[in-house]
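A.B. asks: The lines below spell out each chain.
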Amino acid sequence: MKTILSLLMILFAFSSHACLVNQIRIWEPISGYACVQNYPTPPADCIVCQQSYQNTINPIWFNQFPTAIFNPQPQPWWATQGNFFYPNFNYPGVWNNNQIDVNYYPGQGQVHAMKPNVYVESIHNEKKFTFSFTAPDPSFISTTPMLDNKNSWKGKIINKDRFEVEDTIYDYLFYDIRLPKEKMQFERGTCATRENTIVWMLEDLLKMSYPAIALQDFEEHWRVKIPNYPYFCIYPQYNNELDPTLPVVISVDQVRFTRSLYVLVPHQKAPDLDDPQIVPLPANDPAEFRPSGLIKYETMFKEWGVAFLGE
Amino acid sequence: MKPLLILLLSTTTAWSASGIKGSVHSPDSCSGKVMVWLSLDKDNYKERLLLMHTEVPKEGTFQFYLKPGNYQLRASDKTGCEFLERVKLTDSVKTVKVTLVKK
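Which chain is which? The protein sequence lines are A and B, in order.
The first sequence maps to residues 1 to 311 in the working numbering.
The second sequence maps to residues 1001 to 1103 in the working numbering.
Because the hints were derived from the structure by calculation, they are not lab data.
Incorrect hints may appear among the rest.
With a straight-line cut-off of 20 Å between C-alpha atoms, the simulated SDA-like cross-links for lysine to any residue are [unchecked claim]: (1) B:K1021 - A:G107; (2) B:K1078 - B:S1018; (3) B:K1033 - A:W77; (4) B:K1021 - B:T1079.
Just a sample of chain B residues kept apart from chain A, beta carbon distances all over 12 Å, derived [claimed, not checked]: (5) M1035; (6) S1076; (7) E1082; (8) R1086; (9) K1088.
If you're wondering where the values come from, they're calculated on a predicted model, not measured in any experiment.
For every residue, glycine included, the Cβ atom is placed at its ideal position computed from N, Cα and C.
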């Protein structure tokens, strides 16, 4: 009887979007989502081992797995240089006690969004735009290009998918910023190995129809800059959290701004509900709040970012 | 009274935003995109910490928001062009012209 009950519980957990009490959501390419009591250890946190495992266990799945962006890329040139000069290069910033060391950065906020990039897709070959951060005192860490004294970027969208600001062409607009932890959500998300965390985020961006250049930049940057922990829990922050916390006004007609910031919390071992946690382990599906990738506007701004907690 | 008030307001603004504003320049022999690196050396140069880095196109601009301190601003591209400058920051925004040279 006890065995039947356990089987029913497992079946229910796998078929449901929300997990039961004392369970967390995990994700891996083979089984997709699952609610588990104890995190199952994957065969290994390396591409070759996982591919070998996937071929053995589920060859059909492996054959159907999308190629291109998920394959490991050669080290970008800047990673070779960064490794040479900076001992903490493979971390998103100054790192201490599994978090960003806030003592080295100005401003307020425990959530360090270290690289939101803003991309554009437009039906217009050329269109003037102003992109303004309207919060009274945002805690920027860096921006490219520099903002004007009203915290705005002004320029033209050119060739439908690039920005021109003061006669210079940018593939994307970039900023680092600190955000208040209490305005972020830590209920919805999932936990996975480092490799599967990257894959999960890329798939999430794909579901929101991010342009190819955004996906390529994301993978190139974060394969290098996500620190080497075996596990991460991912807490996606979409427009639902970001619009009220860091409001943006874009002065273009028929425009839509899709936002996605993944707060990553590293774990040295498989996340366990019995261990003390900095934030609760995720138990609910974030998909309900994911912006739709189906609705098209004349001009689409899309932003991705990865954030880490700081203390 | 009005000029004094304006002076006080502008001083406050300068205090709240210290950092580096930069523009990137490089000769044609260098590659288009440049990585700008911002670090500081701790414990009498025993430890070097990378705080942030950003990719900037040629003739592009960037801004780092920083606490007062002594920093190292480095820029490089994939063809070996480089720039290096030590920047001592007090409570203000310093403007730096980042001009790469071929090594």
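A.B. asks: Hints first: check each against the structure and report whether it holds.
C.D. replies: Consistency of the hints with the structure:
A hinted pair counts as satisfied when its Cα atoms are at most 20 Å apart, and K1021 (chain B) with G107 (chain A) qualifies at roughly 17 Å. Note on K1078 (chain B) and S1018 (chain B): the hinted pairing is violated, with a Cα-Cα distance of about 30 Å set against a maximum of 20 Å. Between the alpha carbons of K1033 (chain B) and W77 (chain A) the distance comes to roughly 11 Å, so the proposed pair stays at or under 20 Å and holds. For the given pair, K1021 (chain B) sits about 24 Å from T1079 (chain B) by alpha-carbon distance, which is inconsistent with the 20 Å threshold.
The Cβ of M1035 (chain B) sits about 5 Å from the closest Cβ of chain A, inside the 12 Å cut-off, so the non-interface label is violated. Consistency note on S1076 (chain B): stated as away from chain A, yet its beta-carbon is not over 12 Å from all of that chain's, at 6 Å minimum. Annotated as non-interface, E1082 (chain B) brings its C-beta within 12 Å of a C-beta of chain A; the closest such distance is 10 Å. No beta-carbon of chain A is positioned within 12 Å of the beta-carbon of R1086 (chain B); the least distance is around 15 Å.
No Cβ of chain A comes within 12 Å of the Cβ of K1088 (chain B); the nearest lies about 16 Å off, and the non-interface call holds.
Going down the numbered hints, you'll see the structure goes against 2, 4, 5, 6, 7, while the others check out.
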